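Residues per chain, in single letters:
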Amino acid sequence: MAWTKKDLLGLEDLSREEIELILTTAESFKEVSTREIKKVPALRGKTVVNLFYEPSTRTRVSFEVAAKRLSADVINIAASESSVRKGETLIDTGRNIEALKADIIVVRHNASGAAEMLARNVGISVVNAGDGWHEHPTQALLDIFTLKEKLGKIEGLKVTIVGDIAHSRVARSNIWGLTKLGAEVLVCAPKMLIPAAIEQMGACVTHNIDDALRDADAINVLRMQFERDEENAFPKQLGYFKNFGITEERLKKAKKNIIVMHPGPINRGIEISSEVADGLNSVILEQVTNGIAVRMSVLFLVAQGRDTKDATGNSPSL
Amino acid sequence: MTKNSKLLIKNGHIVDPANNLDMVADILIENSNISQVGNNIKLNNAKIIDATDKIVMPGLVDMHVHLREPGREDKETIASGTEAALKGGVTTVLAMPNTQPAVDCVENLRLLKSIIKETANANVFIVGAITKEREGKEFVDIAKLKKEGIAAISDDGSSVDNDKLMLKALIKAKEYKVLVICHCEDKLLTKNGAVNLGFTSTRLGLRGISNESEYKRVERDILLAERAKARLHIAHVSCRQSVELIAKAKRKGIRVTAETAPQYFSLSEEAVLRYDTNMKVNPPLRSKDDVDAIRQGLKDGVIDVIASDHAPHTKNEKDIEFERAEFGVIGLETELAVSITELVNKGILDWMGLVKKMALNPAKILGIYKPPHQFQDSKGILRNWCGGKGTLSVGSDADIIVVSPNKEWRVEKEGFASKSKNSAFLGRKLVGMVEYTICNGKVAYKL
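Protein sequences appear in the order of chains A and B.
The working numbering numbers the first residue of the first sequence as 1 and each following residue consecutively.
The working numbering numbers the first residue of the second sequence as 1001 and each following residue consecutively.
Quick partial rundown of chain B residues pointing at chain A, CB under 8 Å, derived from the structure:
(1) Phe1199
(2) Gly1205
(3) Gly1208
(4) Tyr1275
(5) Asp1319
(6) Ile1320
(7) Phe1322
(8) Arg1324
Partial chain B-side listing against chain A, Cβ under 8 Å, derived:
(9) Leu1197
(10) Ser1201
(11) Thr1202
(12) Leu1204
(13) Leu1206
(14) Arg1274
(15) Glu1321
(16) Glu1323
Hint data in this document are derived by calculation from the structure and do not stem from the laboratory.
Bear in mind the structure is a predicted one, so any value in this text is a computation, not a measurement.
Yeah, the Cβ is synthetic: ideal placement off N, Cα and C, and Gly gets one too.
Generate coordinates for the entire structure from the input sequences, incorporating the hints supplied.
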């Protein structure tokens, strides 16, 4: 199949085939990063703008590296919340970037739906690098890519996501992506951190970490964002580690080859022990490496998707 | 219309629940009142509107409208809002007090009245605030505002959080015979919420607004109104539990009435799924089950009134991130057609029922409907009573609309008379169109 979408906004919108296309394309791009000269000309002459309204190092750098390995020109814009309040709207910023004849905007924003709103209002491609609590599609894609690489398939796997599900865009994107590919997803958190009607997204819920680990083929450990606890919903840090932290002792009761993932940055001793984070089951650093291939794939495909649209006149062209 | 000029509406299908009239007849208007209703009225000197195959009904009384003036004339003015009203078949609006300044003292009320007198295109009645600046802290002078002519009091947009203060407000309202309209929302529960709590809030990653935040306050206000023996009207009911609580209160004989808005019986939370800020309303669009309950409540008579909650906002305030966008949609120009399309044509209300919800009941609740009667004037002469809204009775104010019941049209941004375009029904095909709006005897709008 061919990619036809101008944007990548979330995994809820994608079909199983589209997700598989991103993963297969990523497989072929992964090799580029192992070369002596880590570059292909796929996006030569294209401009990628990283528009980040939230502080982010790893995602931004990963997108930057990915774009550069595709030979695109990269511009980074760090827009702080205060400048937004004073200044222009997101739509105006997007239109200005479009007027600079950029080709792809990679946007990170603290408001859910911001990427979608931007995509509706510009003719160029928009890639969602995380919007509020809504979606973080490239993180989920790299998680899925890593899982597939390790276990050979996604269909039939049992994957547990543990942590603050309520406020997590990573959890939402993973649930959509994994269930579309035929995996079973179990989410595990204290009651206050499970959002309403999450079962309707296709996930099962437990509040007991040992139950959550028992049959799991993989566990995705989310960072507890204590700094964002506006509603006082979080348990105390130590209490959380005691009841939900991923430790060697807990892993002993799980499948021997369970895969341990974490989107980073990790808080050692809060959601995961150092022994587990650095242990044999951990694929945390491989996720970072795979993130580049997955983002190369996404940038490459949306650029193509937009070209397709230009040809058919479905989308405003430059 | 000059004095003594006459207007004859011929051959229309008259729907007037106040007189139990549902038949083809003529209506004669003289001197801004209805002077005759009957068959084959013949006159040589009257202007004639041919209403063959049209529905003729009392002008709509919309008891929940934000006209924004004074203070936010960029969103709407008394002039533009009442023009929009006429276009939608609404001849009387009840203006909510959350203007800038709020209608919380006699000076502000007088200012508003003077603007209305100069610029209004339709009848405007005014709601005063319950508390100063609608802050829920200090009472307004209800007696003075009542004397100066308010039709009700409400802190609409907010609920009076303090139970004791609310009880006192109801007791005072009872004393001065003022209707209290309650916006039922517990802001501690809805804080920062943007959409209905449930699958929609989870899937969109937005903070949710629970049904509890509404119905707990409905329950409280009913209890307090019962205690105060006051008249209570509950605004924009959106969820099943509220309907059930109101039904229960009515069975107990508590003097409570309730309204809902077209968005709550025609749209469910799924409409928000692409972060469409024109679907961001307060209370939020609810689940399909709640929508069913609202429809059933209208059918059963638990919900007395359909009002628009017309809430104009500028493009700037809606074309932003969903969680930052303002709550509210415009509705004056679509409420009749949405109600025909979604209620009459789906068998939930008949035409008589529709006119009750949109004209007769609100007029009764506001005390501006009076059944026809005779009285002795100061000289002891027996006269027929004149005036009143919500009916086509002889003697009533000639607020009448002529509607094409089957005409289809599409809601377009360009078509609105309102200054704002934030409609939840943009692009929708609706059935039923206002052909003529006659307000106080004059043809105030013609298609």
